[in-house]
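Peer 1: Chains as they are written, first to last, in this note's numbering: chain A, 1 to 77; chain B, 1001 to 1667.
One should not assume that every hint holds.
Stated by the list, open to error - Cβ pair distances, simulated, as ranges:
{"no.": "1", "chain 1": "B", "residue 1": "Q1661", "chain 2": "A", "residue 2": "K40", "range": "33 to 39 Å"}
{"no.": "2", "chain 1": "B", "residue 1": "R1634", "chain 2": "A", "residue 2": "K38", "range": "20 to 26 Å"}
{"no.": "3", "chain 1": "A", "residue 1": "K38", "chain 2": "B", "residue 2": "Q1076", "range": "36 to 42 Å"}
{"no.": "4", "chain 1": "A", "residue 1": "G48", "chain 2": "B", "residue 2": "R1560", "range": "20 to 26 Å"}
{"no.": "5", "chain 1": "A", "residue 1": "A9", "chain 2": "B", "residue 2": "G1476", "range": "31 to 37 Å"}
{"no.": "6", "chain 1": "B", "residue 1": "A1157", "chain 2": "A", "residue 2": "K40", "range": "39 to 45 Å"}
{"no.": "7", "chain 1": "A", "residue 1": "A9", "chain 2": "B", "residue 2": "L1555", "range": "57 to 63 Å"}
{"no.": "8", "chain 1": "B", "residue 1": "V1626", "chain 2": "A", "residue 2": "A9", "range": "47 to 53 Å"}
{"no.": "9", "chain 1": "A", "residue 1": "M1", "chain 2": "B", "residue 2": "G1476", "range": "36 to 42 Å"}
{"no.": "10", "chain 1": "A", "residue 1": "K38", "chain 2": "B", "residue 2": "D1310", "range": "53 to 59 Å"}
{"no.": "11", "chain 1": "A", "residue 1": "K6", "chain 2": "B", "residue 2": "R1262", "range": "28 to 34 Å"}
{"no.": "12", "chain 1": "A", "residue 1": "L71", "chain 2": "B", "residue 2": "L1454", "range": "28 to 34 Å"}
{"no.": "13", "chain 1": "B", "residue 1": "G1663", "chain 2": "A", "residue 2": "K6", "range": "38 to 44 Å"}
{"no.": "14", "chain 1": "B", "residue 1": "L1384", "chain 2": "A", "residue 2": "M1", "range": "49 to 55 Å"}
Unchecked claim - Straight-line alpha carbon distances no greater than 27 Å define the calculated DSSO-like cross-link-like pairs of lysine-lysine that follow:
{"no.": "15", "chain 1": "A", "residue 1": "K6", "chain 2": "B", "residue 2": "K1387"}
{"no.": "16", "chain 1": "B", "residue 1": "K1127", "chain 2": "B", "residue 2": "K1267"}
{"no.": "17", "chain 1": "B", "residue 1": "K1282", "chain 2": "B", "residue 2": "K1387"}
{"no.": "18", "chain 1": "A", "residue 1": "K38", "chain 2": "B", "residue 2": "K1274"}
{"no.": "19", "chain 1": "B", "residue 1": "K1282", "chain 2": "A", "residue 2": "K38"}
{"no.": "20", "chain 1": "B", "residue 1": "K1043", "chain 2": "B", "residue 2": "K1197"}
The hints are simulated quantities; they were obtained by calculation from the structure and are not laboratory data.
The C-beta atom is built at its ideal place from N, Cα and C for all residues, glycine as well.
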Amino acid sequence: MTTLDKLSAGRGGTIAQVGGEGALRRRLLDMGLTPRTKVKVRKVAPMGDPIELTLRGYELTIRLEDAREILLEEDPA
Amino acid sequence: MIIALLGNPNAGKTTLFNALTGSNQHVGNFPGVTVEKKEGQIKGAPDMRLVDLPGIYSLSPYTAEEVVTRDFLIGQHPSAVINIVDATNIERNLYLTLQLMELNMPVVVALNMMDEVRENGDSIDVKALSDGLGLRVVPIAAAKGEGVEAVLEQVQALVREQDRSSVLDTCTGEVHKAIHSISHIIEDHAQRAGLPKRYAAIKMVEGDEPTSQLLKLHEPEEDIIHHIVEDMEHNLGTDREAALADMRYAFIEELCQRCVHRTGQSKEQARSEKIDRVLTHKVWGIPIFLGIMVLVFTLTFGLIGKFLSDQFALLIDWATSLLDQALTALSINEAVHSLLIEGVCAGVGSVLSFLPTIVVLFFFLSILEDTGYMARVAFVMDKLLRKIGLSGRSFVPILVGFGCSVPAVMATRTLASERDRRMTILLIPFASCSAKLPIYAVLTAAFFPKYGGLVMSGLYVFGIVCGILYGLLLKGLFFHGKPVPFVMELPAYRFPSARSVLLHCWEKAKDFLVKAFTIIFVASIVIWVLQSFDTRLLMVDNGADSMLADLGRLLAPIFRPLGFGDWISATALVTGLTAKEAVVSTLAVLVSGGDTAALPAALAGMYSPLAGLSFIVFTLLYMPCVAAMAAIRREVGGLRAAGYMLAQTGVAWVMACLVYQIGSLFL
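Chain B on its own, in the form it takes in the complex (with noise of 0.2 Å):
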């Protein structure tokens, strides 16, 4: 059995689908962060399964999010749907409640953040709210789990007697007379489509283009429902998108001029104002949001995330010298002892040192998410994103890139229009991900050693202005299409969740680690095999003789004319691929034995420091892993996703060829 949940963004819908199901979930205050579909089992009812549907203002098919949301409630036919309430926004969250009552849909309203109604001295009849729209009302506060019990009542109650709501009229006069002209004529080709027939002469009235394919109206027939819908726009002296809002809205109004009692501005959004008084201020808003920016960075890679990491190295080193001492002691086959140490410690190990920076790096992010900055990131940033043909919703997503692509280009999915999407997501990649920062570290520490932290901070610099240029000419070239209109909520500051901010961490950890025992682990063993034989499977005493050294070699002229076209530096470049760590794993195994500690000075001696240059600025844009291309291939289909893929690599390759080729009649 399937209930689904429902609601407007930031109504508390997570927190509601953490507490019936008890499944872990990380919640957000970005309007649109829950993007994907996200299923569990109620607790105390096994027989349900509670899908957590997209958070949404409206039905009306405007972004994926309620495309996705309108089709799941009509092709699956949910036994109930909870709709979730923000009872001190109530207004606008009950727009999507009428639209669900058009759908005839088995509805139960959990009225949420009443605690927060309470404290500010305002009350709501729940009772006259019920009667109001018929439908079953649970006053709950979800973030203290208050009445999420009752929730689970009233649902079983709702499948067992499967009522809908009575009330059937929320509008008057001529917008009635229309709905109902016109649900008489369509009656039979609603049935046929498997649709209400009030919701679908309601979508006729409002104009709505998918329902009049699906209906597959005659053209008599149209004409008349075009004649109607004139008249009832003349006699009404609006058209009929605005007669249909405000008609939900006159219904919604004059409901909560019953039922809500309110007292004045509520002590939340008294708060917000004030916080937004500093950080969206005219002039100290943008410095604001720089230096929390820079603050997170410094933070996440110099002093918490560098300190931790140090750490967790240290261990790794000590695991793995206690391991090799083992198998020494135990006289283990060679081959085996190599491969355990030198390919799968190695690999591994050098990639896990970088756990804690991502950790910490999600911290921060997820609470600039929860507490609700994130929106205001978007509205303070939004004029310049426009410059590229972007929105200020758009920053987020990129923002985020800087920690990992992969839930960066799942984040677009809350952006409005298929455009965007696509922008945004050929964007993410020059947003250094934060598993490029181990790269930049040990090439940084090698080639520039005085001055590690300024290089480093312009490649982060250097790869926003590459994305800037990329950005202009894709607008120039292929999206000269209009930026969808940016309409978005500035949800009231909320204190983040100490819980929801903690899960947020582990589930990138998992990830994290899940990537390095799996993808990383498996790049690992297979390059150990690669570089340990040659093309005749013996063991190879040098490094050179190598199956891995004979791809290189094929590929190292493709980097000649950037400075650096050995056969080591194109092998790192393959095998980072797997993930973008694996370069410095595949270079500390070539150059300096497994040993990243002594890579740096290695290094030093290989290339010169232009060709170091040059390097780093090929791996800081080429394309990105292959978690990050399954991502891609997911949101804009596998043929597209090797064109970006190509285009990427293009532009890296171009960029690191300048810095060499220029870079060289200097030096």
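Chain A extracted, bound-state conformation (with noise of 0.2 Å):
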């Protein structure tokens, strides 16, 4: 189990639990960022945050202190 903030570019895994809490995490979770679902960190912009992650066919920029707050199993490499 790892966090997805702790992923490279690059490297995918499945999300296993989605913290934090009030209106952000009812965005994540809003934007499909739900339990089971597959999850790719793209690409980490210039400044090293935000990050752009795939999800459900589509591209979501989320920053690095909220995607501290999703569990996930990372895919074997």
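Grab the two chains, each in its own frame, and use the hints to assemble them into the complex.
Peer 2: Next up, the structure:
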């Protein structure tokens, strides 16, 4: 188990749990970051933050501090 | 009869709106560009009024747009809802569809971008999708106009039959049980509150505060609901919010597995990935962004815009002299002659010559927006803006502020929180709007003829630096709260349609022309009256005896510490509030008899370069024009807007004072 912010660009995994609270958590869930969803880190922004994700066939950007709330099982390399 | 149009940002909502109504509206690609509620009469169905709701991802009341949309759907009872769904991104798009079904809305799903699905060799079984959702589903390609008539036919059929989705259970097991039990408890309350029973029950399971308040439950009922939800959470091993999101997505996944056949990554995605490899590159991303901005501003203000402006100015001069000759030939009354030439033509004309620049700027900005690059700008710049307590999304409104504060302030409505919105609005005036450009052009030509370009660029940078300092100050003093989470879609790059870009330019040009011929026209006349007559309403020979001069003299002492405590400067600043360009036209009228070309030389004789610089700094920073004030008032309320204006002018005074006083020590 690791958290989404720890993944380097190009790596992916399967979401186990979405932490955090309130509006942020609701938004992450609404955007499809739900348990058992496959997600991949596509890119890191030039200044190192935020990151770009691919999930459910589209691209989403979130900040590292928010990615820290997402627990996932990393795919084997 | 009200028909609502609803869908995710970037799903092609605005394109469908245009196709259905035939009315002109701008199409954008930055998530949430449709910030206003727009309406239009549906072509071929004159009794149907189409309301374009903001682009949203969910009905959870998270952004102002979601709140507006939810309230509209619940309060206005539209006869039908057209839910536009991007077929190339169907899973996430259907999430909103499911929420509409929970609301028990009469929905027609317009499955857009089916042409792209086909071109990618993918397919969607529309019949199976329709059966799975229990809704009417129409495959369309809005950009090409395909299927638009079929949407209208289905809407008409839906309005006639008023059928709702027959699929009530999008959930299974524990969640289903909880919803079922709660809906019995709240049935009466929901009816009194005018909410669909099932929807209210789902919201109670979800823990939605606004719905809970609407229902006005009693304590025992709240307790029971609390227990039901706790049981559900315990049995599922997850919490209420995750449980419901998960339930919706599980339903969608299962449905898509049956209906959607995908061959792999789409052409659009592959292309976007390639473009992003360059545009959001680790090293080159920021230089490229800055390069694009420099290019846009050079083309706008240097090459294309300047050429067009000069040509346009010649045209205006020619028209003015023609009118002048005609008035002389007809020996029209002296006062009327003066009003038309020195008042109206000089005032409106000098502002009008700026029209081409504005059109060119918005041409480039709308290309950046429609291609999807603006979202990347937010992605690239987020970390920087976070330092002053904002998110990358605030970058776009501020950037638009360099064009005009009015659309910039309006664009802040896409921001997720009141806090971000207010703070962004406070910072927008620091982006020198394009109306300030003629002021800079004339004043730099007057005081720094050799370094015009350098000083001009310096002014833009100076404004930005002041904005950053102001932002840090605001963050420290008033905006302690955490910035709202930055969770944003990066839409696939799309080629902007010429129609959309040109429409946008035309809209801006129209706005500007209307402004020129209303506000500035009136201001020109008022100023002409004030400066041509004295307090006894006698026409004056010398401008120094006029009412305007009296007003200027009254205010002038305030500006003495800044180095320009004369009535002409004070008067120009006052008239600048009608529209910033009016500073130039007023100066032209007062200093060089309406001749803008002779103005720089005349000004150079009036001020020292340092006082000139101080004057430029003040005009750069002081409160925005009435049009922008009106926009700000609409967003934050009158009292707060007044406070913003006062603070802004205070900042301008302090900065100009610093420039002049510190400069005086050295010069």
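Peer 1: It remains to establish, for every hint, whether it holds in the given structure.
Peer 2: Against the structure, the hints come out as follows:
no.	hint	result
1	Q1661/B x K40/A: 33 to 39 Å	57 Å, violated
2	R1634/B x K38/A: 20 to 26 Å	44 Å, violated
3	K38/A x Q1076/B: 36 to 42 Å	39 Å, holds
4	G48/A x R1560/B: 20 to 26 Å	49 Å, violated
5	A9/A x G1476/B: 31 to 37 Å	35 Å, holds
6	A1157/B x K40/A: 39 to 45 Å	42 Å, holds
7	A9/A x L1555/B: 57 to 63 Å	58 Å, holds
8	V1626/B x A9/A: 47 to 53 Å	49 Å, holds
9	M1/A x G1476/B: 36 to 42 Å	39 Å, holds
10	K38/A x D1310/B: 53 to 59 Å	58 Å, holds
11	K6/A x R1262/B: 28 to 34 Å	29 Å, holds
12	L71/A x L1454/B: 28 to 34 Å	53 Å, violated
13	G1663/B x K6/A: 38 to 44 Å	53 Å, violated
14	L1384/B x M1/A: 49 to 55 Å	33 Å, violated
15	K6/A x K1387/B	22 Å, holds
16	K1127/B x K1267/B	25 Å, holds
17	K1282/B x K1387/B	19 Å, holds
18	K38/A x K1274/B	22 Å, holds
19	K1282/B x K38/A	25 Å, holds
20	K1043/B x K1197/B	35 Å, violated
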